[in-house]
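**Student:** Chains as they are written, first to last, in my numbering: chain A, 1 to 156; chain B, 1001 to 1156; chain C, 2001 to 2156; chain D, 3001 to 3156; chain E, 4001 to 4156; chain F, 5001 to 5156.
Any given hint could turn out to be false.
[Claimed, not checked] Taking lysine-lysine and the DSSO-like style, the derived pairs with C-alpha atoms no more than 30 angstroms apart in a straight line are:
id, chain 1, residue 1, chain 2, residue 2
1, D, Lys3025, F, Lys5149
2, D, Lys3149, D, Lys3025
3, C, Lys2149, E, Lys4021
4, A, Lys25, D, Lys3025
5, A, Lys25, A, Lys149
Keep in mind that the hints were calculated from the coordinates and are not lab data. Bear in mind that the values here come from a model prediction, so they are computed numbers and not experimental data.
Protein chains: 6
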Amino acid sequence: MSRLTHLDETGAARMVNVSDKDATKRTATARGTITLSAEALEAVRSGSAKKGDVLAVARVAGIMAAKQTPALIPLCHALALSSASVDFELGDGDITATATVTCTGPTGVEMEALTAVSVALLTIYDMVKAVDRTMVIGQIRVLDKSGGKSGDWSAA
Amino acid sequence: MSRLTHLDETGAARMVNVSDKDATKRTATARGTITLSAEALEAVRSGSAKKGDVLAVARVAGIMAAKQTPALIPLCHALALSSASVDFELGDGDITATATVTCTGPTGVEMEALTAVSVALLTIYDMVKAVDRTMVIGQIRVLDKSGGKSGDWSAA
Amino acid sequence: MSRLTHLDETGAARMVNVSDKDATKRTATARGTITLSAEALEAVRSGSAKKGDVLAVARVAGIMAAKQTPALIPLCHALALSSASVDFELGDGDITATATVTCTGPTGVEMEALTAVSVALLTIYDMVKAVDRTMVIGQIRVLDKSGGKSGDWSAA
Amino acid sequence: MSRLTHLDETGAARMVNVSDKDATKRTATARGTITLSAEALEAVRSGSAKKGDVLAVARVAGIMAAKQTPALIPLCHALALSSASVDFELGDGDITATATVTCTGPTGVEMEALTAVSVALLTIYDMVKAVDRTMVIGQIRVLDKSGGKSGDWSAA
Amino acid sequence: MSRLTHLDETGAARMVNVSDKDATKRTATARGTITLSAEALEAVRSGSAKKGDVLAVARVAGIMAAKQTPALIPLCHALALSSASVDFELGDGDITATATVTCTGPTGVEMEALTAVSVALLTIYDMVKAVDRTMVIGQIRVLDKSGGKSGDWSAA
Amino acid sequence: MSRLTHLDETGAARMVNVSDKDATKRTATARGTITLSAEALEAVRSGSAKKGDVLAVARVAGIMAAKQTPALIPLCHALALSSASVDFELGDGDITATATVTCTGPTGVEMEALTAVSVALLTIYDMVKAVDRTMVIGQIRVLDKSGGKSGDWSAA
């Protein structure tokens, strides 16, 4: 049976010991999507046209959340992030957020990228919910990661 | 064109003024899902059988995140939550998280419920990612809410 | 000699007891300025022209800092803010930030408004410091406040 | 035109990538001033004579804020600070706060020193505001910094 | 068998629902002790004589921790504290910390008082540990509480 | 007289400068105990039998608190923890919590281990206090530490 590294031999949760892992350059990219009504999308777009504030606020929220990841995810190690960015693409009925995070450290930064995407999309939800109550956030996953012993990986 | 209440007339972001809204009892329920491999699901289940730690950790993370919502979502009001709970259902190839949050206050608690669900699912992801790199978090949405001027609402 | 209410009779620090003060509507407006070079100001302005991001980021930072005030200022009471906004005016060699915060509570919100202004200006400093090392932040003060037993007050 | 490194080519905000910068010893000193009435200054001074609590509280607040800088300033990198100190000088109608911060890391610590000074002065404001409503915080700037590729620098 | 209110009928953790409890005035006092060597105690005392900084820092840390209680204790409700204070008594081989916290709210403030005591004593430990490695923190308990349906209570 | 390193020559508090200390592997183990009534202990035990939630929640709280140590203890350095774990032993009238923390860094991790123990025990207190008002938390101390210039140490 596969072992979850965050559980010890008795099944108790713990932060996995990374003290013997080398600090290497790590990158992770994650992506997610919020589906919203035409009216809501137009509200974001026209707000964008003026001052870009919905997406600017969501971008800042995502970047700040990346830095708060170890305070949110109980067994996640604190890492000094080298960079973090969040980009948005407005589709036909949805907005896609993509976050890229890098660090030099002993563990990967998938959780930071996933957290940035999640909070950025939640922030869009918060700012648009007066217009559309039926939004759905989904398709949050890791696109690719590099660095570390397990090597590079892409979602194919 | 529909107006986003979080933007002022110049398009600048702001916390909406709720000082004239009555403090009423509010409830919101949100739900989301993580899809994972049979091997990963079995790892959670057998961990569950022993000490329930994966889901116990995710539950705590979700509840604590609900309380941190105004620190994560930039324009969200701080609310003194009356209660918060997170439940899980193990499906065939996925785990569903459902969060219910209540408060007596001037604004709704959808964002708190959505944040609890998101962070609970991210925590499962973190604890299982050594076993399955292809998990996807999705279908995060509000199921129903009650209280406030706009009245009760269900996702149908 | 005037007594500082945050010190008890032995001179020890404490959070002042506000349990006998009525919860009333409170407002405070604070303002501050950052002086910067023509080149730095132009960088902000042209960044503004494109996507408004320097000021948008500073605005979000200020609003989020307002909510974190009791975690930063040791003897400050936690208040559930009703609203918070930060506005900027680009002058000839400086940028002025003005923050307005409201709540219904037992104490005033000057510290929240002052903290919002301070962190908004620090954020501009951070984003522009590669261009100008000689910026100075100053003139941070309360413009006016209303509500509470001591009544309305303006800086004249 | 000068480029702001915190904006990408489209003007979107991001944390600048520092993964190729060497970790070197860094120091920064920042300073700022609060002007206050004779009565307020005397209240601080006599509180000081007894137990030093106003300045002791402000010093602790400043040091703790230095550690919170990346949680407050959206695009600021997290750094493991090697040291932080805040000192005060009581003048004739004002109090000057000076903060010195050091770290071994890939970016400078100006923002940490400036944040320490700002929060220390805000804390004095909070503790004295019952005595003087007209205080002004100002002259917040970097005095000197050392370390990193750009070398040593003093405000002259 | 007695039921723990923080567990639901299936044994899962949750924040207890307090939405039907009245907001009343609440007070709690907690106390704890750190035992330390004569040398360590003298170091605190003489530091005290000069500027009182060990106990002043510990006092601030305790008060700030009281406000962070719901972020530390997973199932604890957020409460807007009306006051918080921490006092110390230097004994013969120990220091006793006593914290008193008040609020007007639907649940008691024991946890806030206990957290203030714990963090104040941990702060003393941190500042003195270079002098004494054998300190022990203990006797942390609630002395008395008042307010709420269960009425007043003293530790006898 | 012994000097407290957290006070400068004037007695003012500061974060000690560790920039000249080598980053070495560090470990610390701390322990503490909560005494509780037979009824309360049985409640924990039977909750444990079902889903283990009291101790699971306390374990998560302790691990998360270890990561928050520098935000709680004013003069404590931020360290990137390599691992953290908390274990419990149910005795006859008490529960003992033991925390082990490791890092590679310039200072030790005693405070992180002590903070994990303290918050884990406070969390048990919070979840059981409806059943037993007379619990006492005590015997919190460091058992052993290793790494750093001062070498290995055990409490004997």
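**Student:** Please work out if Lys3149(D) and Lys3025(D) have their alpha carbons no farther apart than 30 angstroms.
**Tutor:** At roughly 11 angstroms apart (the allowed maximum being 30 angstroms), Lys3025(D) and Lys3149(D) satisfy the hint.
**Student:** Taking 30 angstroms as the top limit, are the C-alpha atoms of Lys25(A) and Lys149(A) close enough?
**Tutor:** 11 angstroms, holds
**Student:** Check whether the Cα positions of Lys25(A) and Lys3025(D) lie no farther apart than 30 angstroms.
**Tutor:** Cα-Cα ~21 angstroms, so holds.
**Student:** For the pair we were handed, Lys3025(D) and Lys5149(F), check the Cα-Cα distance against 30 angstroms.
**Tutor:** 21 angstroms, holds
**Student:** Run the distance test for Lys2149(C) versus Lys4021(E): straight-line Cα separation, threshold 30 angstroms.
**Tutor:** This hinted pair holds, its Cα atoms lying about 29 angstroms apart.
Hint compliance for this structure: every hint is met.
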